Every structure is written in structure tokens, then in C-alpha cells.
Amino acid sequence: MSDAAEQDARAFFVDSRFEQLARRPGGVPREEALERARAMIEEIRPSFGEWLDGELKELSRVVEQNGPHGSNDPDWVNNAYTQCLRIRDVGTTMGYDLVTFVAGNLSEIFDAINSGTDYRADLIDCHIQALLLARQEQYRNLRPEQLPELSSGLRRVAEYAPRSNGHAARTENGSFHES
Amino acid sequence: MKDPTINLRDLLFVVADPNSYLCMIVHSMLRSFGANKVIEVRDSLGVVKALTGQKIDILLCDAKLPPHGGLKLTHAIRRNINNENRTVPILIMTGDTRATTIKTARDVGANMVAAKPMSPSSLYDRLAWIAFNPRQFIDTATYFGPDRRFKIEGYPSGVGRRKGDQEIVVGEDAGPALSQSEIDNLLNMARTGQD
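Residue numbers (this note's numbering), protein chains in the order written: chain B, 281 to 459; chain X, 8 to 202.
Honestly, I wouldn't trust all of these hints.
Calculated from the model, a selection of chain X residues having no Cβ within reach of chain B, i.e. all distances over 12 Å [stated by the list, open to error]:
| # | residue |
| --- | --- |
| 1 | T12 |
| 2 | R38 |
| 3 | L52 |
| 4 | G53 |
| 5 | V55 |
| 6 | D69 |
| 7 | R86 |
| 8 | G102 |
| 9 | S126 |
| 10 | S128 |
| 11 | T149 |
Computed, partial: chain B to chain X, Cβ under 10 Å [unchecked claim]:
| # | residue |
| --- | --- |
| 12 | I321 |
| 13 | D353 |
| 14 | W356 |
Don't read these hints as lab results, they were simulated from the structure.
Computed from a predicted structure; not experimentally measured.
Each residue gets a CB set at the ideal place from its N, CA and C atoms; glycine is no exception.
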């Protein structure tokens, strides 16, 4: 909106209940609140593996069903992208750096596909395999820099996506030409 | 104000996110901060049900909340003149931090945008910011929501204002992901006439 339009606007203050009550004395001081939240996240952490298993199973199913042979679902790439972001986000909050890294990489690939880059089944598959590896007990607590070959390989693979010229994009039925 | 303390007891929170696990994490954080009334919903219908017949105090809403997205839902809440929750504070949570998404969130009337993944400090500081930086509402033919040109009186800790804040150029309609501090800056840019 232009400044002129906003100057003509009706302006009024709303002292919301949230603002009123949140400013009351007697709340949990910031540092104590953060400490308690971190402790709470530690309590939740053991359930992360089970949640991640479910997400990976679903992601694998969606890719297998829609990727190689085309799809009737025009939104599947966007849904897969969102699912990768979800894994990345929760992985970050729970402190699983390797899972976060791989899921973030894969989300970039899906984002690029969404923007018209070629669909490459091998790129997707190697990331899903990496996610399955990263969820295992012995890898889960590692950081990407502790697995330099894996992480640099995935980085190179992910860099492919934005560089592609993307003229082999989606066909009308939602499938992709593989290069 | 440095490190303000917020009192969340007896405030009714609605956390709207299709991801049950993320909802649980946010719910747990809010409990840790002292909140004792938190409703979790998975979609827009759940939000509408929560808004019906009761006054909620704040809505934390995923930008991609099914079926039409949290931004459209925010717009609908703000534009509905019969909605008693029309002025409720709304914090949008998003993993998509491109400039266009943040600008849209601001323009549909969101009070604040928090980038996912949310850390406890990120969430606490944004709630404190909403509580301690009240903004007037603007009602025009095309916009209803918190004043997008509000004056910054000071950031909560963790939202450091930097010397170069005024110089950031708003990106094209799509662009790279923004950091949380860049999101905070973008939400405030209108006041300097840069948007």
C-alpha cells in the first residue's frame, strides 16, 4: 500500500489480552524458560527416530510412486519438498546435523525441480539412501564434516540441480523427462 | 528493553501445524515458558473451530497449513469483520524464508514471522516482541492488520539490530532464503520507505 493510502487509513490501538497478560509480572525469566525448553526437547529426543522412520517411509513411497514413471498428482514434487523441509526443521531442533544436512540438500533438489530443472531419479535416490543411513544409530549423532566423502559428494550432487538448464521439465501429465 | 520476561499463564495459545511432531515440540516449548493453555490443530478447519465460540489469545500458524495455507487463513481472519478474533496476534511459522513469502505474511496482517526450525530462544524472543511492542491496527479497503510501518523501540535479545539494517534491498518475487534477522528486518522495512 502507498504511504498516501495508509495515511488515509483508520488507525486504532488494540491492547490485546495477550499483550496485557504477557506483560504481567511473575513470568518465567528468559534464561530459565530456555533452559526448561532445552530440557523438554531432550525428553522428546528418543521419539525422533520413530518419527523419522515414518517420514522416510512416506517420502520413499511418494518418490517411488510418482518419480520414475510420471504422476497424476501435480503437487507431488511440492509435497516432497515440504516433507524434506519438515525433516530438516525437526532434525535441526533435535540436534541431528547429518539428517538436517541431507534433508536440506534434498529439499533444494526438489525446489529446483519445481522450478523446471530436470528430474533425476539417481540424485533423489542417493539422497534417500543417505537419509536412511543418517537415521541409523551409529550415524545419527555425527555432523556432516565427520563424513567428508558423503557430505561433499551430496553437495556436488545438489549443485547439479540449479545448474541444469531445465528445458526438459514436467510434461502435461506431471511426469518428468529423465536426462 | 533487555531480556524482558513474559508471563504466559492463562493465555490461550493455538498452534496450527500439519506436522504433529513439530506441533508437539512447539507445545513443549510453550509449556516450558509457562503457558498452561495450548490447543494443537492440524489444518485451517481446526483453527476455525478453535476460533469459534471462544477468544483465543495468540495464533501460531504454519505458512503452509492445509488446505490453503496459513497466509490465506491469516488474510481471512483479518478481513472477516464479524470475527471476534480479528485482531488476535498471529505469528507465522515458515520453512520457506524467501523474501516474497515474508512480505506476503506481512501484507496479509501477520504480526511476526518465525523461521523454522524454531529454537526456544527464537520463539521466546518473538513472543516477547509482540507483548512489549504493541502496534496500532490499520483498517483500509485493502489491508487490515498491525501497522506495517511501526516504529522499532528496541528488539528483544537475540534479534540484534545491526548497523546495516536500513540498507537491505527487498528482493525480487522469488529469491534466496532469508535468515531470521533478515526476516525481522524485512517486516520492518516499510517504515523507512524502502518497501
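Hints, one by one, checked against the model:
no., hint, verdict
1, T12, "violated (4 Å)"
2, R38, "violated (7 Å)"
3, L52, "holds (19 Å)"
4, G53, "holds (18 Å)"
5, V55, "holds (20 Å)"
6, D69, "violated (10 Å)"
7, R86, "holds (14 Å)"
8, G102, "violated (4 Å)"
9, S126, "violated (7 Å)"
10, S128, "violated (6 Å)"
11, T149, "violated (6 Å)"
12, I321, "holds (7 Å)"
13, D353, "violated (15 Å)"
14, W356, "violated (15 Å)"
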